[in-house]
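Q: Based on these hints, arrange chain Y on the given structure of chain B.
Protein chains: 2
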Amino acid sequence: MSFPVLPTTAFVDPFGQNRAAIEDIFQTVTQAILNHLTQAGKRAPLPQPVTTAYPAIPEQPGAIADLLAPLQTIMAESMNPAHPGYLGHMDPLPTTASILGDWVAAALNNNMLSVEMSPVLSRLEPLLMAEMAQIFGLGDRAGGLLVSGGTLANLQALTLARNVKLGCGQSGLARQPSPLILASEMAHSSIQKAAMILGLGLEGVGLVPTNANAQMQPDALETLIRAALAEGKRPFAVVATAGTTVTGNIDPLVEIHRIAQAYDLWFHVDAAYGGAIAFSPTHRHRLAGIEQADSITFNPQKWLYVTKTCASVLFRDMALLDSHFRIAAPYMNAEPRWTNLGEISVQGTRHPDVLKLWLSLQHLGKAGYAALVDGSYALTAVMVEHLRQRSDLSLATEPEMNLVCFRGCPPHLAPDRWDGWNAQAQQRLLKQAQVFLSLPRLRGHLWLKAVLLNPFTTAGHLAPLFDQLDDWLRQG
Amino acid sequence: MSFPVLPTTAFVDPFGQNRAAIEDIFQTVTQAILNHLTQAGKRAPLPQPVTTAYPAIPEQPGAIADLLAPLQTIMAESMNPAHPGYLGHMDPLPTTASILGDWVAAALNNNMLSVEMSPVLSRLEPLLMAEMAQIFGLGDRAGGLLVSGGTLANLQALTLARNVKLGCGQSGLARQPSPLILASEMAHSSIQKAAMILGLGLEGVGLVPTNANAQMQPDALETLIRAALAEGKRPFAVVATAGTTVTGNIDPLVEIHRIAQAYDLWFHVDAAYGGAIAFSPTHRHRLAGIEQADSITFNPQKWLYVTKTCASVLFRDMALLDSHFRIAAPYMNAEPRWTNLGEISVQGTRHPDVLKLWLSLQHLGKAGYAALVDGSYALTAVMVEHLRQRSDLSLATEPEMNLVCFRGCPPHLAPDRWDGWNAQAQQRLLKQAQVFLSLPRLRGHLWLKAVLLNPFTTAGHLAPLFDQLDDWLRQG
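Protein sequence lines correspond, in order, to chains B and Y.
Counted the way my numbering counts, the first sequence spans residues 1046 to 1521.
Counted the way my numbering counts, the second sequence spans residues 1046 to 1521.
Chain B with its partners taken away, still in its complex shape (with noise of 0.2 Å):
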């Protein structure tokens, strides 16, 4: 390489001329990983960011020794999911081999648009996925793909649902019946984003009434779907959530899908979240219905504890993405007995997350993954008895998954005043306790929301947190 310009160490040369100086980074980086990972607990769960300012891209080349201390300072105030401490959101600790698939994945830099530029990944994704679309019971055509971000899963998984029921493909909207999508009110909110992005508008999901425990009321959906038939509008898909973003909570699979059914809708299930329970021998019951789904989101980068993004959308009857979904891209060598993954996936060029889902499953098991949706669960009965325990702390919903969301009430403060003190006790909790809730908007108030994900932690670490409520709950 002949750049004068340019740091020796740039890139690796292929020849190893500089491998002495390579190896010294990648030690170097190495170990400031190792403590950075090996020393999470003694850091805060949540970084409050001190540095405001960053360099800017410079004119000249520097030392890539001179970047370690601001990447040092970049990984101390990030957000440190590995404390116990940390339970704000659906964002786990990751698993050490979904790291190690991160960081081969990075040297290789394969493309998953194509098997001629990833031929052993472009294979490994759909056999895997495959194997993962029978884990719900999918059926013979069953199968999937990986792709970067739930909200990518859902667009997907949309677009196929309306280009299969309104033949849209190649004409488009224009000039049709204003279709539509139910979701239940507490769906996330990247169904209203897949609608937007589809031509739908956001008056193309119909929002569908919840009950107490924030699930999807079938009678309600049915009422929905009568009056949009009646409007002259086009209902085509139906979205059931496993796992809702607040709560956790579960919709009733198999009435959605006795209804999906009989108005000719896609019943896709979002189980983003919730799908992991499908690897518990003894939770997966709650699950019931999702083998009738055409269509499931699913995120290993959730409660897999697979580095982000790891996600995937699975579809009954995989043909339907040739006939009604697939761009050619004639740039591209085609395989005879292998798809070239980028036309039949909304990204093109893609990383491959399978490398990493495939090791963790691998590394952990089927057994390894149903210990740790079980001890999640087993944690959560935890908590729930401490919040029963407590007239003042008040459950959003009754909890189906490991989220656990709830409210004080203080009984010394008027109830208009509830919001400020939950607030209050979010940053409190987060400064002097070192527990990290976030704080969601359900139902027009602010509750505390816990994600018990991380296996290290314990029934130890929540009895000095709800000691902690009751003093404060005690002052008013």
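Please keep in mind that the hints were generated in silico from the structure rather than gathered at the bench.
Treat the hints with caution; some may be incorrect.
Note that the list lumps identical chains together, so a pair holds whenever it fits in one copy or between two copies.
As the list claims (entries may be wrong) - Result set (SDA-like, lysine to any residue): computed pairs, CA atoms no more than 25 Å apart in a straight line: (1) K1278 - L1211; (2) K1210 - R1220; (3) K1278 - H1457; (4) K1210 - E1336; (5) K1411 - A1101; (6) K1087 - G1505; (7) K1411 - I1102; (8) K1210 - R1271; (9) K1087 - T1053.
A: Just chain Y now, kept in the frame of chain B:
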């Protein structure tokens, strides 16, 4: 952590309890990666995988050490873009800094969905994207987003274009006139994919004829717009390409912008590949007119050598994302000064690609990237000179970047057998000369395509390639 069934190395203990075992694994994998990268020149540029089956998801956990052998096989059989003979696609060997950025990102496992989930990196991204927008001269209100691949960048730009020009974010496209995007017949297939997803259908893209140099013909563009208007359609955006996929040519940006203005069209420039030449004071004049764009797709994962994925979509007026795209997510905390990027992106949860981009720019500097771009142009000139000396090798277009697309026209064969000759030459080069050219279809024929990205590829590699082709051409 008390999960007897789990391997003790399943996670990195946040209190360092398994540090020695984790360090051992980190060292082993880092060494494997180091060996792989520093010996890339000794392997084939594009291996043909011999492995066709991969272990299924096991019931029980495994030892992480047992995963090293399959991981080595996967690495050995993957696309090898670091080989100096790998010339087939716009897929580079990655910068050292971007590999390290991905390593750190995997360990942090932060989430670009919200500021709370990536306190540092959600601040860094808008600052860096604003700088990038300035490199293209987009003005004071400009900024951008990183998205997971260029297809999503084009999708996001065209979604905003549609919402701004047609005002359909709320009520959708139904019952409206048919919207139309104009793009050249050489535009990337992600434009068609975007039109299909956006509810325009494939008929929603008008393909503008190109000249002999694969560049959009402005007269033809204007003719198509007028015809569409006469048919009652609603043209709303024109996509100019700066760096076509097969030949690396650049549409006439200034003239296209003038027409876009005259007909009130959104002006999008797909500079996914070619945007990199903005870093070269010598060559950036070729992009004149890009500073007038409403939006630009630019992918650092290509000619800036950043690991995949790293793609960006830049906007002249970032405020339009707030007014015409944003989908609020009420479960996320709002920071006063910073945007939850998941609300204004086609994605929600997203990998922090900003870290590796920022590190690469810090390490190489603008001058380093200018040297790489200029070096690519110099090598392209050498290759073009080889081609000009040979009457039986024919260029598809005049190269404007570092893509050289050509085909053999062996005089002893009838022209209808030239496709077969070129397909055979491609395979023979791969197997006998360790050179991977891709074999795209263009204007009904097969061509050989070289992308001269790799800084370890020199004029010394090109001479034997042409000697080889000369031999085969003489054989007919």
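Q: Run every hint past the structure and note whether it holds.
A: Hint check:
In the homo-oligomer, the alpha carbons of K1278 and L1211 lie at most 25 Å apart both inside one protomer (12 Å) and across protomers (21 Å), since each shortest distance falls under that limit. Within a single copy, K1210 and R1220 get their C-alpha atoms as close as 16 Å, and across copies as close as 18 Å, so both meet the 25 Å cut-off. In the homo-oligomer, the alpha carbons of K1278 and H1457 never lie at most 25 Å apart, since the shortest distance is 51 Å inside one protomer and 64 Å across protomers. Taking the shortest alpha-carbon separations for K1210 and E1336, only the intra-copy value of 20 Å comes in at or below 25 Å, while the best inter-copy value is 42 Å.
For the homomeric pair K1411 and A1101, the shortest alpha-carbon distance between copies (11 Å) is at most 25 Å, but the shortest distance inside one copy (46 Å) is not. With identical chains, the CA atoms of K1087 and G1505 are at most 25 Å apart within one copy only, with a shortest distance of 17 Å there and 55 Å across copies. In this homomeric assembly, K1411 and I1102 come within 25 Å of each other (Cα to Cα) only across copies, at 7 Å, whereas the closest approach inside a single copy is 46 Å. For the identical chains of this complex, K1210 and R1271 are intra-copy neighbours only, at 17 Å inside a copy versus 33 Å across copies, given an alpha-carbon limit of 25 Å.
Taking CA atoms no more than 25 Å apart as the test, K1087 paired with T1053 passes between copies only; the shortest distance there is 20 Å, against 37 Å inside one copy.
Hint compliance for this structure: hint 3 alone is broken.
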